[in-house]
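K.L.:
Quick note, the sequences are listed as chains V and B, same order.
The opening position of the first sequence corresponds to residue 1 in my numbering, with each subsequent residue numbered one higher.
The opening position of the second sequence corresponds to residue 1 in my numbering, with each subsequent residue numbered one higher.
Derived by calculation from the structure, the hints in this document are not laboratory data.
Incorrect hints may appear among the rest.
[To be verified] Just so you have them, the derived chain V footprint on chain B, three or more residues with Cβ under 8 Å:
1. 22-29
2. 35-49
[Said to hold, decoys possible] A few chain B positions that, by computed beta-carbon distances, are all more than 12 Å from chain V:
3. 2
4. 3
5. 8
6. 11
7. 12
8. 54
9. 56
10. 57
11. 58
12. 60
13. 62
14. 63
15. 64
[Unchecked claim] Short derived list, chain V residues pointing at chain B, Cβ under 10 Å:
16. 46
17. 97
18. 99
19. 100
20. 101
21. 102
22. 104
23. 107
24. 159
25. 161
26. 162
Backbone N, C-alpha and C define an ideal beta-carbon position, used for all residues, glycine too.
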Amino acid sequence: MENIFYICVVQNLITMKTHYLLPNCFKKIGWILLLPFMGLSIYCLDMPLLEPLRVTTFALVEDGDWFQVTQNGILDEIGVIGLTLSLMFIVFSREREEDEYIAKIRSESMIWALLVNYSLMIIGTVIVYGIEYFYFMAFGMFSVLILYCMKFNYAIYKFNKSASDEE
Amino acid sequence: MKNSIRVERAVKKMTQQQLAELINVSRQTINAMELGKYVPSTVLALKIARVFEKTVDDIFQLEEGD
Chain V
1 MENIFYICVV QNLITMKTHY LLPNCFKKIG WILLLPFMGL SIYCLDMPLL EPLRVTTFAL
61 VEDGDWFQVT QNGILDEIGV IGLTLSLMFI VFSREREEDE YIAKIRSESM IWALLVNYSL
121 MIIGTVIVYG IEYFYFMAFG MFSVLILYCM KFNYAIYKFN KSASDEE
Chain B
1 MKNSIRVERA VKKMTQQQLA ELINVSRQTI NAMELGKYVP STVLALKIAR VFEKTVDDIF
61 QLEEGD
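From just these sequences and the hints, can you work out the full model?
P.N.:
Rendered as structure tokens:
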């Protein structure tokens with residue numbers, strides 16, 4: 001049992017560049033959790049103020065009052081955190097076969113996602129107004145991860161397809 | 001940068017898959033390097049040179065635009 005642990009540690013040290021990545025199984029977990037938490041978050045967008053699951057929480061700040069112990073319905077917090085975690089599981093999990101070319105694809109996809117995300121944010125700020133801007137900002141909390149997911153998976157698909165060019 | 005990985009592979013009668021397994025990368029990475037789409041890291045270039053029993057300069061050459 002200890003040997004397996006040391007082998008895992010050594011394997012990780014050998015592949016130092018990707019030591020921050022989660023094991024591959026987290027990708028599936030992320031995808032499974034994504035739809036329920038996305039549904040929950042979208043549902044919570046239209047919830048009235050008096051939500052279920054009211055508990056006593058510590059608030060750093062709430063309506064101008066700092067460091068308060070307050071009552072809050074935590075269903076929307078659960079939705080947001082769950083959605084963020086499931087997206088992070090998908091984004092930060094290892095591929096089955098990691099090598100340096102995939103590391104390059106990974107960083108290029110992230111840079112692309114950041115650029116596109118902030119360009120869309122600027123365009124949206126100019127053309128979206130009213131309460132819809134709140135929904136737009138809420139989407140903006142997750143759009144980087146979503147864009148990265150789309151670009152990275154497309155790049156990996158093209159990468160795998162290129163394997164058919166064997167002579 | 002141009003490289004002669006494909007030529008060296010043919011000399012040793014090695015497939016892309018075999019070379020990939022020897023240096024611990026995927027076959028698609030070997031393919032990308034041969035097509036000039038990817039410049040390998042120093043460590044990977046040294047590993048490739050060692051497999052073909054040559055120096056790095058024999059396999060990889062700088063081009064005008066680099």
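K.L.:
Look at each hint and say if it fits the structure.
P.N.:
The hints, checked one at a time:
1. 22-29: Per the Cβ count (6), the hint holds.
2. 35-49: holds (count 5)
3. 2: holds, 18 Å
4. 3: holds, 15 Å
5. 8: holds, 14 Å
6. 11: holds, 14 Å
7. 12: At roughly 14 Å from the nearest Cβ of chain V, residue 12/B sits farther out than 12 Å, so the non-interface label holds.
8. 54: holds, 21 Å
9. 56: holds, 16 Å
10. 57: holds, 21 Å
11. 58: At about 22 Å from chain V, residue 58/B clears the 12 Å cut-off, so the statement holds.
12. 60: holds, 15 Å
13. 62: holds, 20 Å
14. 63: Given that every Cβ of chain V is farther than 12 Å from that of residue 63/B, nearest at about 20 Å, it holds.
15. 64: Its Cβ never comes within 12 Å of chain V, the nearest being 24 Å, so this holds.
16. 46: violated, 45 Å
17. 97: holds, 5 Å
18. 99: Holds, because the Cβ-Cβ distance from residue 99/V to chain B comes to roughly 4 Å (cut-off 10 Å).
19. 100: Holds, about 6 Å.
20. 101: holds, 4 Å
21. 102: Holds, about 8 Å.
22. 104: holds, 7 Å
23. 107: Where the cut-off is 10 Å and the nearest Cβ of chain B is about 13 Å from residue 107/V, the hint is violated.
24. 159: holds, 5 Å
25. 161: Where the cut-off is 10 Å and the nearest Cβ of chain B is about 9 Å from residue 161/V, the hint holds.
26. 162: Nearest chain B Cβ about 5 Å off; hint holds.
Checked against the numbered hints above, the structure breaks hints 16, 23 and satisfies the rest.
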